[in-house]
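S.K.: Following the hints, complete the assembly by docking chain B with the ligand onto the known chain A.
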Amino acid sequence: MSEGSGTMTYRKTAGAVALLTSAALGVAVPSAASAAPASPCGTQAMVKETLPNGTTWRLCWRIHDKAGLILDQVFLSTKRNPEPVQVLDSIRLAQLHVPYDTGDMEFDDLTDLGMGGGFLETLTGDDCKGGSARVGSDGSEQPQQRKVLCVSAEPSGLAYRAREEAWDDNGPQPGKLDSKQGHDLVLRTISKLAWYEYVTEYRLHDDGQISARLGATGDLAPSSEADANRGWPIGTGDKYYSTMHYHNAFWRVDFNIAGKGGEKVEQYDTALDGRGEVTAKLKTTRTAIAKEGNFSKVNQRWWRMTSPNSKNADGHQRSYELVTGGDDRYEGHPETKPDVTFTQKNPCEKYASDNAVDPECPANSKTVIDFAKNKENLSDPVMWVRVGFHHVPRDEDQSPMPMHWQGFDLVPRDFTAMNQLTPDGRTGLNGDPQPDPGPSGAQG
Amino acid sequence: MVRYRKWGWGLGIATASAVTAFGVASWQANAAPTAPSATAEPPGGSGQARVSDPSPLPEAATGSGSDPLTSGELEKARTVALTPELASGAEDVTGKAGPEYLSAEIDVEAGGRQAELYYYDYKTDKLIKQVVDLTTGKLAQSFSAAGMQPPASEQETKAALGLLVADPLGAGFKESYRKATGKELNGTDGLVATAHTYTAKPADQGASQCGNSRCVQLIVKTENGQFLSVSEFIIDLSGRTVARLK
Ligand SMILES: [Cu+2]
Numbered sequence: 001m002s003e004g005s006g007t008m009t010y011r012k013t014a015g016a017v018a019l020l021t022s023a024a025l026g027v028a029v030p031s032a033a034s035a036a037p038a039s040p041c042g043t044q045a046m047v048k049e050t051l052p053n054g055t056t057w058r059l060c061w062r063i064h065d066k067a068g069l070i071l072d073q074v075f076l077s078t079k080r081n082p083e084p085v086q087v088l089d090s091i092r093l094a095q096l097h098v099p100y101d102t103g104d105m106e107f108d109d110l111t112d113l114g115m116g117g118g119f120l121e122t123l124t125g126d127d128c129k130g131g132s133a134r135v136g137s138d139g140s141e142q143p144q145q146r147k148v149l150c151v152s153a154e155p156s157g158l159a160y161r162a163r164e165e166a167w168d169d170n171g172p173q174p175g176k177l178d179s180k181q182g183h184d185l186v187l188r189t190i191s192k193l194a195w196y197e198y199v200t201e202y203r204l205h206d207d208g209q210i211s212a213r214l215g216a217t218g219d220l221a222p223s224s225e226a227d228a229n230r231g232w233p234i235g236t237g238d239k240y241y242s243t244m245h246y247h248n249a250f251w252r253v254d255f256n257i258a259g260k261g262g263e264k265v266e267q268y269d270t271a272l273d274g275r276g277e278v279t280a281k282l283k284t285t286r287t288a289i290a291k292e293g294n295f296s297k298v299n300q301r302w303w304r305m306t307s308p309n310s311k312n313a314d315g316h317q318r319s320y321e322l323v324t325g326g327d328d329r330y331e332g333h334p335e336t337k338p339d340v341t342f343t344q345k346n347p348c349e350k351y352a353s354d355n356a357v358d359p360e361c362p363a364n365s366k367t368v369i370d371f372a373k374n375k376e377n378l379s380d381p382v383m384w385v386r387v388g389f390h391h392v393p394r395d396e397d398q399s400p401m402p403m404h405w406q407g408f409d410l411v412p413r414d415f416t417a418m419n420q421l422t423p424d425g426r427t428g429l430n431g432d433p434q435p436d437p438g439p440s441g442a443q444g
Numbered sequence: 001m002v003r004y005r006k007w008g009w010g011l012g013i014a015t016a017s018a019v020t021a022f023g024v025a026s027w028q029a030n031a032a033p034t035a036p037s038a039t040a041e042p043p044g045g046s047g048q049a050r051v052s053d054p055s056p057l058p059e060a061a062t063g064s065g066s067d068p069l070t071s072g073e074l075e076k077a078r079t080v081a082l083t084p085e086l087a088s089g090a091e092d093v094t095g096k097a098g099p100e101y102l103s104a105e106i107d108v109e110a111g112g113r114q115a116e117l118y119y120y121d122y123k124t125d126k127l128i129k130q131v132v133d134l135t136t137g138k139l140a141q142s143f144s145a146a147g148m149q150p151p152a153s154e155q156e157t158k159a160a161l162g163l164l165v166a167d168p169l170g171a172g173f174k175e176s177y178r179k180a181t182g183k184e185l186n187g188t189d190g191l192v193a194t195a196h197t198y199t200a201k202p203a204d205q206g207a208s209q210c211g212n213s214r215c216v217q218l219i220v221k222t223e224n225g226q227f228l229s230v231s232e233f234i235i236d237l238s239g240r241t242v243a244r245l246k
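Chains A and B supply the protein sequences, listed in that same order. In terms of our numbering, the first sequence has 368 at position 368, counting the first letter as 1, and numbering is strictly consecutive. In terms of our numbering, the second sequence has 24 at position 24, counting the first letter as 1, and numbering is strictly consecutive.
Each hint should be verified, as a subset may be incorrect.
[As the list claims (entries may be wrong)] Within a straight-line C-alpha distance of at most 25 Å, the following computed PhoX-like cross-link-like pairs (lysine-lysine) qualify:
{"#": "1", "chain 1": "A", "residue 1": "Lys366", "chain 2": "B", "residue 2": "Lys96"}
{"#": "2", "chain 1": "B", "residue 1": "Lys183", "chain 2": "A", "residue 2": "Lys373"}
{"#": "3", "chain 1": "B", "residue 1": "Lys76", "chain 2": "B", "residue 2": "Lys96"}
{"#": "4", "chain 1": "A", "residue 1": "Lys366", "chain 2": "A", "residue 2": "Lys297"}
{"#": "5", "chain 1": "B", "residue 1": "Lys221", "chain 2": "A", "residue 2": "Lys192"}
Bear in mind the hints are in silico, worked out from the structure with no lab data behind them.
Bound-form chain A, shown alone (with noise of 0.2 Å):
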């Protein structure tokens, strides 16, 4: 979907009661981003639900072949931003690359086999317990219309919790109480590739928070014998050892926040800076990346994709930053290295590796490398982010494997004012926690 405002039709009332009421209250809102846009896909491959506390997604989903589950047009509205501002304009996975550390296989799944048609399952037993499953097409040469889809909401555990100070005559004294249960909107899919289960997930937060994550279950690759440096015993004694391997994942990620495109690609690092009266000082640097490249985690390092067209309430850019966990870094090929790639948006970019599937593209354009090697200026960028997990196999794998997951998670910074979840008779809570006594300013 092209960004920007061609194919959107805006809603005259809404966006004029927004711009009307910013200009009173002398704060910042940007028209396009109050704005609803025309239904991006139809009924049945719409997702739109509301939280307990109030947070509503919306966005389109739909089956591909190679990559599984997609989402698209992914739109955020809470209780106190009430207008659906978009976040994504779409998010999916980009490869799952599985070599075994004997040398002698090694997959590249989406692009070899395939996340979407015949490999997803339709959704039975406990897959979607409590949840919706959704009917749709699922990708294949001959698309059938199945439930594939589970949509459900699912608690997330304490949102918050903050007790005001109270005092009396007889001293500190309990004040009022925000105690919060937070809610995710999840989204998954699940694609049975021969003996191992891929759970492709995303959960959609309700405090504006993206998670994507791939759980891996099933079985144990069989006839897969490996030596003691390269295996480990299941069953009794040391008889057989299962082999060791790798699940490389990569998801490509197209930010359009608030619709407007064009994100600016930011770096921080914080490094000691000296000592400050009682331990050290730390300083935090931003570098604008301002063309292609791949880049790594070392301590106390992040990126954000930074919106330069849409502010929030406060004036300050709106914003989501990268973060990333658990990791392991497979040093057997160069693409596997980077945890994250910055591009220019190219739709023959497709898979972070064996990415020449399509006749119409340069067939030497094959990884998230040679993306990046022109060094392009990023007026449009994608986002590739790579998360690895070293597989040593261990009794409990058998049988099935519990569940394992990977992944990272897109935080908003800026994107509103203030906390989406914000309860009442705490909104004027936004600034100096204690300012110097004066007017005070608007809030948003």
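M.R.: Chain B with the ligand only, in chain A's frame:
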């Protein structure tokens, strides 16, 4: 604070009308679910968090926006994509006239409804991409290239299994089958294969043509659910040969 509340209300009302026009279950119904029959039960039945559970609609004749290709659209696209030249000039995996049909997808970047269909021509060992404009019903663009190997079709997977079972190199495979099932292998009866396309790596011994040739590596499951070890065999569908790695 009072001004803030007013602003919130104004937006809320405007949004409700905007969302009704969006074409799904209404904003209000979602915010306060009152129809349990149309919602999925939460885990544990606590009644706390629910999602809607719409009844599946009959498949539409045509899709809109980023919808996947419908069966009807695909049928139409395949008719257009299979030009007379392709139908007579190309060959499928069995050697029959006409290319091997691999996959189809919607091109959401195209802006309209545009189908992309992928075929493999065994005569020229080329991957073919036919782009069909579903609005005009015309072939919009056509591409082909050698050395590109997307996933195999069902017919290719079956053909590969047939080649493996018939090949003298498959003797060890027949032995594993006997061990796994206690029966003699009878052709490909009762076997289910999964095929990974295979491209030769620099260190390859015995299958270096793969990549330019269309090759697969199989995972074979017997009727009693056991997997048989065949990963060392590379089946060259272009050359109709079987090679053993190492
Ligand atoms: Cu594993």
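S.K.: Against which earlier hints does the structure fall short, listed by number upward?
M.R.: 1 and 2
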